[in-house]
Each structure stands twice: as C-alpha cells, then as structure tokens.
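Participant: I would like the entire structure built from these sequences, with the hints used as guidance.
Line by line, the protein sequences give chains Y and S.
According to numbering that gives the first Met the number 0, the residues represented by the first sequence are 0 to 149, in order.
According to numbering that gives the first Met the number 0, the residues represented by the second sequence are 0 to 86, in order.
Careful: at least some of the hints might be erroneous.
Stated by the list, open to error - Using 27 Å as the maximum straight-line C-alpha spacing, the simulated DSSO-like pairs for lysine-lysine come out as follows:
#1 LYS65(Y) with LYS19(S)
#2 LYS65(Y) with LYS13(Y)
#3 LYS51(S) with LYS83(S)
#4 LYS65(Y) with LYS15(S)
#5 LYS51(S) with LYS85(S)
#6 LYS51(S) with LYS17(S)
#7 LYS65(Y) with LYS17(S)
Derived from the structure by calculation, the hints contain no laboratory data.
Only a predicted model underlies this, so the values are computations on that prediction, with no experimental measurement involved.
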Amino acid sequence: MILDSPAGIEHGFKNAIAGADSAIVVTTPEISAVRDADRIIGLLEAAELYDPQLIINRVRPDMVRKGDMMDIDDIDDILAISILGVIPDDQDIIVSTNRGETVVTDKKSRPGQAYRNVVRRILGEEVAFMNLQERKVMHWFKKILSGEAQ
Amino acid sequence: MFEFITKLFGGSEGSKNKAKERLRLVLVHDRASLSPGLVEALEEELIQVISKYLEIDEEGLEVSFDEGDDSVALIANIPVKNVKRKI
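Facilitator: As structure tokens, this is what we get:
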C-alpha cells in the first residue's frame, strides 16, 4: 500500500510514516525543495526508516540542457540517496488532470512513461533512466521508427 | 545585455552550479542544527572520553554549533572539577 504524505514536516508527515516500512521522497530540482527533501531524509532516518528512495519531479529538459537546472547527477551528488525516477515537466499533466484522466495510462506521454518506469523499478525491474536531453520530436520519431506500439 | 550574448554563444555555465553551491552551504547548516539526538549522543560520548582523564562537571557541560557565514564550528564548554593523577 502506498500512502501519500502531506507536504511539510508537521503532524501529517509523522502520521503518514507511523506505519511505514519504507519511504519514497519526492522533490523538484529547486533549492528550497531539495533542502526540504534533505530535512525529510534526516527525519526518516531518525524514525528508523533507512535508505529512502528519491523521485525528482518536474524536471525541465530544456533548462537542464542550458545548465540552468540541476539534473539527476547534481541532486544525487548532494543528497546521496538512490534515485527511483525522474519525471519530466510536461503540459500533458495539466491537460490530463483537466480531463480527469491519469497520465500513466497515456501511452504517448513522456511523464506517463516516466511514471510507468518508476512502477517497474518499485516492482524490482531494472529500467534505464529516460534520456531527458533528447528533444521531444526526436523521441516521437524514434518511437515511430522502432514501431513501439505500447 | 552582455550576459545575454555570452549565454547565446555558450560562454556562460548556467545557474545550476550556483544553485548547487548555495544548497551545499545551506545543508551544512541544516544538518548541523536539525538533529538534537546527534548532539545528545555526542555529549554522552564526550563525557565518557573526558572523564577518563579529568573530573568534569557533567551538569555544566554545553555543546553547541556555531554557524558562521560559510562555516560551522562545534563549541564545547566543559567545566573541569579536578585533574586525575592516574589514568
């Protein structure tokens, strides 16, 4: 069972981890978010929940390419915990939430793919990290060329 | 304007290194001040080690972190009652 903890380090967080066997920390590549993630990791350790895994949400490949956003290696370097997944920021998310659909079921969506990869890793499969540097059009072309129907 | 041009020709490194640098500094402060358990454990072991050599006032012992602009120092104030002659 996966329990979503409220943001922050108040009571909600403590209630959420009370019965937890392990933890996944979700952050975004911004200073304040990574700082909070570090505090959460410290609190998890204090609660004897060791080796949490990290998901980096809302990564903007264009900004990473320009060196204006921390990437997976930078955050790994700073927090030193194992990374479970990297989710690209995408307007698909807003469109699908507007429609009330889950992006995970959208086979063409890149964040959808990233989420599915996270699930496979949780289930113990080894899945390579998505190449976020690749441009969207290239990704689309590759998919057509490789005849990837899923 | 100059910044824009250097960026255009790839001369600038981008802001992420600045972000990493700032994060590192901020995390040193956070990690030092966050865990009271750590300070307690440290105090306890300090008492054990120092008590081998000196008779100290355990009640008066103070351990804290002093946070400067770009560094963190451990400050321990340990009142000594007596020096042991033999170990």
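Participant: Next, verify each hint and record whether it holds.
Facilitator: So, going through the hints one by one against the coordinates:
Of the supplied pair hints, the one linking LYS65(Y) and LYS19(S) holds, its CA atoms being roughly 15 Å apart against a limit of 27 Å. At roughly 38 Å between alpha-carbon atoms, LYS65(Y) and LYS13(Y) are farther apart than 27 Å, so this suggested pair is violated. Annotation: proposed proximity of LYS51(S) to LYS83(S) holds, straight-line Cα distance about 8 Å (limit 27 Å). Annotation: proposed proximity of LYS65(Y) to LYS15(S) holds, straight-line Cα distance about 9 Å (limit 27 Å).
A hinted pair counts as satisfied when its Cα atoms are at most 27 Å apart, and LYS51(S) with LYS85(S) qualifies at roughly 9 Å. A distance of roughly 46 Å separates the Cα atoms of LYS51(S) and LYS17(S); the hinted pair therefore is violated under the 27 Å criterion. About 14 Å separates the Cα atoms of LYS65(Y) and LYS17(S), which keeps this hinted pair within 27 Å; it holds.
Against the hints set out earlier in the document, violations occur for numbers 2 and 6.
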